[in-house]
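**Student:** Chain residues, written in single-letter form:
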Amino acid sequence: MKPLLGTLCLLGILIPEGLGYDGSLAQPRREVVEETGSPWQSLDTYSYTRYHPMEEIYQWMIQISEKYAGVATQHFLGMTYETRPMYYLKISQPSDNPKKIIWMDCGIHAREWIAPAFCQWFVKEDRLWRKSRSSHNNGTCFGTDLNRNFNVSWCSIGASKNCQDITFCGSGPVSEPETKAVSSFVESKKESIVCFLTMHSYGQLILTPYGYTKNKSSNHEELIQVGQKAANALKKKHGTNYRVGSSADILYATSGSSRDWARDIGIPFSYTFELRDNGTYGFILPAAQIQATCEETMEAVLSVLDDVYEKYWNSDSAGKVTPATVVLGLLVSLVSIF
Amino acid sequence: MPPAVSTPPAPRPGVPRPSALLLALALALCLAVPGLQAAGPGPGPGPGSPGVPGAPPPGLLRQAARAALHFLNFRAGSPSGLRVLAAVLRGRAAVDARRTCRVDLEFTAERYDPEVADGRLGRCSARVVFRHQKPRPAVNVTCTRFMETSRSRREDFLLYKRAKRLRAPLGATSIPNSHGWIDPSLRPIWDLAFLGSSYVLWERTTQTLHYYMAQLSSVNQWKTNEDAIDFDYMVLLHEFSTQEIIPCRIHLVWYPGKPLKVKYHCQELHTAQEGSGTEEGSAVAPTQPNNF
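In order, the protein sequences belong to chains X and C.
Numbering-wise (my numbering), the first sequence opens with residue 1 and increments by one.
Numbering-wise (my numbering), the second sequence opens with residue 1001 and increments by one.
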């Protein structure tokens, strides 16, 4: 991996702990024990090819920031609805110069486990629950779709004002603490952020803005070109096919998504990745595929970063390299029983 | 079975003839859904490229391919021969005055089980007719074989024997578990669950709605003492365009080589409607898929 001149922001992970679909706390009753053993202790033995519960991810973050103290630092982002802390990892070389920022979040939707697995891979769980855990209608209804809650054409299309729906957009734009935390942070640094990546599953897609309209962003051609190059790089690794296009064109209409919001506040490169697979296992992607998925996704993300680097570092008119910052955040919203 | 008869392409929009305008409008309506948006043309080469007048959007072709394969899987009744869509090759769509949307297409398919899939693709051609936003698309489909008939019968029979010996975990279960793991000994349950779900998935696929089987959530009954496997279970279906999870109860009776019998009942989450259906034997569809 080429030495990071920048800072990478990784944000990700909503993992419900043992949440069954019906909302009860359900340890799978007849879980086949294929991975037992003592709880993980040290970074050396951390397995990146298994799914991890939230406590282990938190511990991992701490240990990463301790071990790589000069490069990786853990920061507080905000609190979830259930008053759990959210952290992000900032990865950058120390520097006196101001930096450009690349943001990546994984796991804004709780059931898309392969996404946070990728985030962890990139740095070194109700299971099918998608939304957050906020309470509405006097506690009779739970969860906002955080990726419909951002302040961009909020709730205009592809989202619902009904709390019972899975694409419930919240009580208002940026009504949720998780959305507020991400928005505030990204907004405060938007002059410096050149790239915003949000990792999801499934569908094997690289999506450009917009979902709320079929109109295209001003740099649409460039985004498609960079996206297609990333998909090609991804395919070279294990032959996996990804399709590239705007969300409204090749997926479905959505409003209030983080990707669209990021683009509209001026972040030029904004993508949603929908990782493996194509529906065979869907959200419940076998852990055995984590490695291959992460390897190929890595190629795609690096390809995007290469193009971003070309554009923003090589074209510096003063002739000096402007260092960049990569911010890796973990959007933590632990869910618990109804 | 004869290949699907090809139809003349829809006239280009903009041609100032009343019938052409009506057909162009109907073609657009073929895709429009209030409150939802059908996937439109995507970038890049391939069937349905934007800018080609009259070309159907690739989203519609994929919908048709999925409907065709679910129907094929159900009709074939072969849990070891399940297929999924690989890629759409080409296709065209036509709409009539009643907004019935007829899609003719060719596509490739691969084996459902990724562990067994060896990269070999079968080639399929199909005609799929969607009645305007109504379920149960009419399907006429042919696919080339993945393997010789005798071998597929043998694999089904082996699966049958394993199923007969299997003590299924009764009650609530998660297959696969949260980590995506299916115990190999339980694989016949998963394959049969998907086979039964194929009937449900076919019935429910429309121009805009398509489903995947997300998880087997309970085994209510697994009877193997008679000849046939009698399997009653709950699955969670994931509908892609709405992202909803829909629980369905399915009851199937299967014996290798015999037509599959299926009954089902799905909960709709907050509409009043519920969906259910029954299929017994081969009395219903006009044609048999010729894949064996």
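You may find that some hints are simply not true.
In silico lysine-lysine, DSBU-like type, Cα no more than 30 Å apart, as pairs [as the list claims (entries may be wrong)]:
id: 1; chain 1: C; residue 1: 1164; chain 2: X; residue 2: 214
id: 2; chain 1: X; residue 1: 236; chain 2: X; residue 2: 161
id: 3; chain 1: X; residue 1: 311; chain 2: X; residue 2: 235
id: 4; chain 1: X; residue 1: 180; chain 2: X; residue 2: 161
id: 5; chain 1: X; residue 1: 180; chain 2: X; residue 2: 99
id: 6; chain 1: X; residue 1: 161; chain 2: C; residue 2: 1134
Rather than coming from a laboratory, the hints here were simulated on the basis of the structure.
**Student:** All hints, please: hold or fail.
**Tutor:** Against the structure, the hints come out as follows:
1. C:1164 x X:214: With Cα atoms ~53 Å apart, residue 1164 (chain C) and residue 214 (chain X) exceed 30 Å; violated.
2. X:236 x X:161: violated, 42 Å
3. X:311 x X:235: Within the cut-off at roughly 24 Å; holds.
4. X:180 x X:161: holds, 19 Å
5. X:180 x X:99: holds, 24 Å
6. X:161 x C:1134: holds, 26 Å
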